[in-house]
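Modelling step: build the complete structure from the supplied sequences, incorporating the hints.
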Amino acid sequence: MHELSIVLGVIETVSESANAANAKKIIATYLRVGALAGVVKDALLFSFEIASKDTPLEGSDLVIEELPPLIFCRVCDKTVELDSIQSFRCPVCDTPSADLRQGKELEIRSIEIEV
Amino acid sequence: MTTRVLEVRKNVLNKNDELARELRSTFQSAGVFVLNLVSSPGTGKTMLLEKTLAALRQRGHRVAALVGDLETDNDAKRLAQSGAPVRQIKTDGRCHLEATMIRTHLEGWSLTDLDFLFIENVGNLVCPASYDLGEAVRVALLSVSEGEDKPLKYPTMFNSADAAVVTKMDLAEACEYDRETALRNIREIRPSIEIIELSAKRGIGVDSWLDFLERKKRGV
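Here the protein sequences line up with chains A and B, keeping their order.
For the first sequence, my numbering gives the first residue as 1, with consecutive numbering after it.
For the second sequence, my numbering gives the first residue as 1, with consecutive numbering after it.
One should not assume that every hint holds.
Claimed, not checked - Distance condition first, Cα-Cα at most 20 angstroms in a straight line; then the derived EDC-like pairs of lysine to aspartate or glutamate:
{"no.": "1", "chain 1": "B", "residue 1": "90", "chain 2": "B", "residue 2": "107"}
{"no.": "2", "chain 1": "B", "residue 1": "153", "chain 2": "A", "residue 2": "42"}
{"no.": "3", "chain 1": "B", "residue 1": "153", "chain 2": "A", "residue 2": "3"}
{"no.": "4", "chain 1": "B", "residue 1": "10", "chain 2": "A", "residue 2": "77"}
{"no.": "5", "chain 1": "B", "residue 1": "10", "chain 2": "A", "residue 2": "16"}
{"no.": "6", "chain 1": "B", "residue 1": "15", "chain 2": "A", "residue 2": "16"}
Calculated from the structure, these hints are not laboratory results.
As structure tokens, then:
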């Protein structure tokens with residue numbers, strides 16, 4: 001469970017960005033989390049509620065956009081979405097592929113602030 | 001009162017990733033080949049390293065190891081018997097190693113005097129997957145006693161690995177290990193990954209592992 005340390009990193013970055021933009025209040029933080037990022041959405045939300053206390057982010061929303069895993073299939077010559085992360089095969093032609101194109105993201109996309 | 005949306009576009013693990021990139025380039029220019037060993041607790045990382053450090057020294061390589069654990073320096077003591085420089089990284093409860101811990105624990109070591117540096121991560125198949133340590137190769141270990149479906153249960157880790165090692169092959173029969181299923185599951189998560197099967201304790205398959213290390217170091 002390393003979600004708490006990840007959330008602490010999010011709070012630090014968001015506080016800095018909001019401060020640099022002279023924000024009066026932080027309303028929401030938008031995160032993008034890939035299916036292979038190795039973090040659990042509920043654990044992030046739970047950690048955020050605890051860790052945001054007494055910070056500029058207290059009471060603000062954490063909005064998590066979950067990104068499905070995409071691989072590039074050489075046979076189909078296109079990027080396809082995996083049905084699950086238990087099998088790295090093209091769902092169309094069943095060819096295995098280790099060429100991951102999306103799924104490891106763990107990114108602060110944007111913040112909504114009051115100025 | 002006005003609200004607005006501010007684009008941030010920052011990787012949450014940016015600090016770790018940047019430091020890992022720095023470490024990687026430091027390792028490359030020093031000519032030291034760095035491996036990050038990951039597995040669940042009890043798979044046999046330390047046993048494999050004990051044998052590996054000694055055997056690589058016999059083959060004339062200069063080796064060192066950093067070993068991560070939540071508590072105790074038992075593993076470092078075990079590994080130091082090989083005669084190689086070894087340092088324990090105590091994470092004080094943290095469930096993974098981070099790039100900053102690697103940098104701190106390398107202080108005072110001359111990297112140009114090393115051929116191989118092994119990093120034994122904390123026994124955990126979840127969190128270490130997210131942290132780049134600047135390694136050249138990440139090796140995920142799986143023992144025959146753990147269950148053939150481990151890769152399917154922890155796909156993030158096995159997908160992030162560059163090679164897989166199946167350990168405790170001497171116990172395969174007693175554990176009713178289903179080799180075909182285990183190898184298929186590893187490749188289902190990471191197609192075309194190189195898999196090495198061995199028993200460090202009995203010395204089975206260790207030569208192929210050492211050959212693999214030398215080959216990877218040469219960049220083949």
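Structure-based check of all given hints:
| no. | hint | verdict |
| --- | --- | --- |
| 1 | B/90 x B/107 | 15 angstroms, holds |
| 2 | B/153 x A/42 | 18 angstroms, holds |
| 3 | B/153 x A/3 | 19 angstroms, holds |
| 4 | B/10 x A/77 | 30 angstroms, violated |
| 5 | B/10 x A/16 | 12 angstroms, holds |
| 6 | B/15 x A/16 | 14 angstroms, holds |
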